[in-house]
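Trainee: The listed protein sequences derive, respectively, from chains V and R.
Letter 75 of the first sequence, counting from 1, is numbered 75 in the working numbering, and no numbers are missing.
Letter 2 of the second sequence, counting from 1, is numbered 2 in the working numbering, and no numbers are missing.
Take the hints with a grain of salt, since some may be wrong.
Said to hold, decoys possible - List of simulated lysine to aspartate or glutamate pairs, EDC-like, C-alpha gap at most 16 Å:
#1 K17(R) <-> D20(V)
#2 K3(V) <-> D16(R)
#3 K3(V) <-> E2(R)
#4 K3(V) <-> E89(V)
#5 K3(R) <-> D20(V)
#6 K17(V) <-> D78(R)
What the hints assert, rightly or not - Here's a subset of chain R near chain V, in silico, CB distances under 8 Å, partners left out:
#7 M1
#8 P30
#9 R55
#10 P101
What the hints contain is simulated information worked out from the structure, not anything from laboratory work.
Note that the Cβ used here is the ideal one computed from N, Cα and C, for glycine as well.
Number of protein chains: 2
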Amino acid sequence: MEKSNAVAALAALAQDKRLDVYRLLVQAGPDGLPAGHVAAALKLAPNTLTFHFDRLRGAGLVSVRRDGRSMIYAARYDTMNALLGYLTENCCQGRAGRCLPAARTKRTPATARRKEPVT
Amino acid sequence: MEKSNAVAALAALAQDKRLDVYRLLVQAGPDGLPAGHVAAALKLAPNTLTFHFDRLRGAGLVSVRRDGRSMIYAARYDTMNALLGYLTENCCQGRAGRCLPAARTKRTPATARRKEPVT
DNA sequence: TGCTCATTTCAACGTTCATCGAAATAATTG
DNA sequence: CAATTATTTCGATGAACGTTGAAATGAGCA
Chain V
1 MEKSNAVAAL AALAQDKRLD VYRLLVQAGP DGLPAGHVAA ALKLAPNTLT
51 FHFDRLRGAG LVSVRRDGRS MIYAARYDTM NALLGYLTEN CCQGRAGRCL
101 PAARTKRTPA TARRKEPVT
Chain R
1 MEKSNAVAAL AALAQDKRLD VYRLLVQAGP DGLPAGHVAA ALKLAPNTLT
51 FHFDRLRGAG LVSVRRDGRS MIYAARYDTM NALLGYLTEN CCQGRAGRCL
101 PAARTKRTPA TARRKEPVT
């Protein structure tokens with residue numbers, strides 16, 4: 001993933017309603033949900049929802065297809081995973097065991113919690 | 001992680017220069033880097049860099065400590081991992097194998113959330 | 001065809017954002 | 001102390017953002 005794509009995806013997710021929408025789709029799975037269902041679930045005005053869907057779609061985070069009168073939106077997991085990968089790329093100079101939990105590292109080294117500096 | 005924290009973190013990362021700064025710190029590791037080093041590496045004006053550091057810090061993504069005349073900034077991996085976990089929480093109705101690569105499928109379960117203080 | 005449902009487009013509003021230059025603060029050195 | 005280095009604060013500017021209301025499109029049904 002390139003930087004401009006990552007920024008676009010992060011910007012798309014950096015908004016209350018949009019984050020709700022995206023997570024709902026992520027949790028819904030590959031088959032997606034009709035726009036109306038999302039609008040009802042999150043209590044969003046239909047035009048506002050379209051605005052947010054456009055941004056998510058522009059960032060490559062969701063896909064759309066038409067089904068009769070309904071538009072079905074679905075999360076694009078390929079983009080999600082590319083984004084997560086971009087953020088953690090080469091972390092800790094490649095010694096990922098220092099910062100990522102065991103589940104995210106390729107190997108499974110013992111994860112030692114270190115003390116954080118003052119915020 | 002709560003939604004407002006996630007939005008704050010995503011907004012902090014959704015900017016060209018800031019994403020560069022953050023990734024540099026993530027790659028640098030737990031010991032962090034002096035502000036001046038970051039400014040030189042990314043060719044940023046010192047006041048602009050302070051502005052961006054403030055946003056990253058406000059979102060809990062980085063920590064600071066003073067070392068003589070230098071301010072040492074470091075990535076907060078706990079927040080990074082909480083954010084990644086938040087995005088993928090309950091994905092595909094819990095059947096994560098459908099959307100996440102093998103290395104990420106052992107994510108922290110959603111049931112393990114705890115309440116955190118507002119910064 | 002005319003009608004309804006689902007969703008999108010458009011124009012406008014006030015708000016927040018990133019960057020800049022100049023000045024200020026903090027820690028060290030002579 | 002004054003000078004130097006490292007970083008932060010302040011005020012201003014133009015651009016982008018999220019929401020709203022009204023109108024328009026597209027698909028299915030009588």
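Trainee: Holds or violated: is there a CB of chain V closer than 8 Å to the CB of P101(R)?
Mentor: 6 Å, holds
Trainee: Mind checking the alpha carbons of K17(V) and D78(R) for me, to see if they're no more than 16 Å apart?
Mentor: 25 Å, violated
Trainee: Does D20(V) lie within 16 Å of K17(R) when you go C-alpha to C-alpha?
Mentor: Distance ~26 Å between K17(R) and D20(V) Cα, so the pair is violated.
Trainee: For the pair we were handed, K3(V) and D16(R), check the Cα-Cα distance against 16 Å.
Mentor: 8 Å, holds
Trainee: For the hint on M1(R), does the least C-beta distance to chain V fall short of 8 Å?
Mentor: Check failed: Cβ of M1(R) comes no nearer than 11 Å to chain V, outside 8 Å.
Trainee: Holds or violated: R55(R) as interface residue toward chain V, Cβ cutoff 8 Å?
Mentor: Because about 11 Å separates R55(R) from the closest Cβ in chain V, which is outside the 8 Å limit, the hint is violated.
Trainee: Sort out whether E2(R) lies within 16 Å of K3(V), counting only the CA atoms.
Mentor: 26 Å, violated
Trainee: Would you settle whether the hint for P30(R) is holds or violated, based on the nearest Cβ-Cβ distance to chain V being less than 8 Å?
Mentor: 6 Å, holds
Trainee: K3(R) and D20(V): Cα distance at most 16 Å?
Mentor: Holds, because 9 Å separates the two Cα atoms, which is no more than 16 Å.
Trainee: Are K3(V) and E89(V) close enough, with their CA atoms no more than 16 Å apart?
Mentor: Holds, at about 12 Å.
In this structure, the earlier hints numbered 1, 3, 6, 7, 9 are contradicted, and the remaining ones agree with it.
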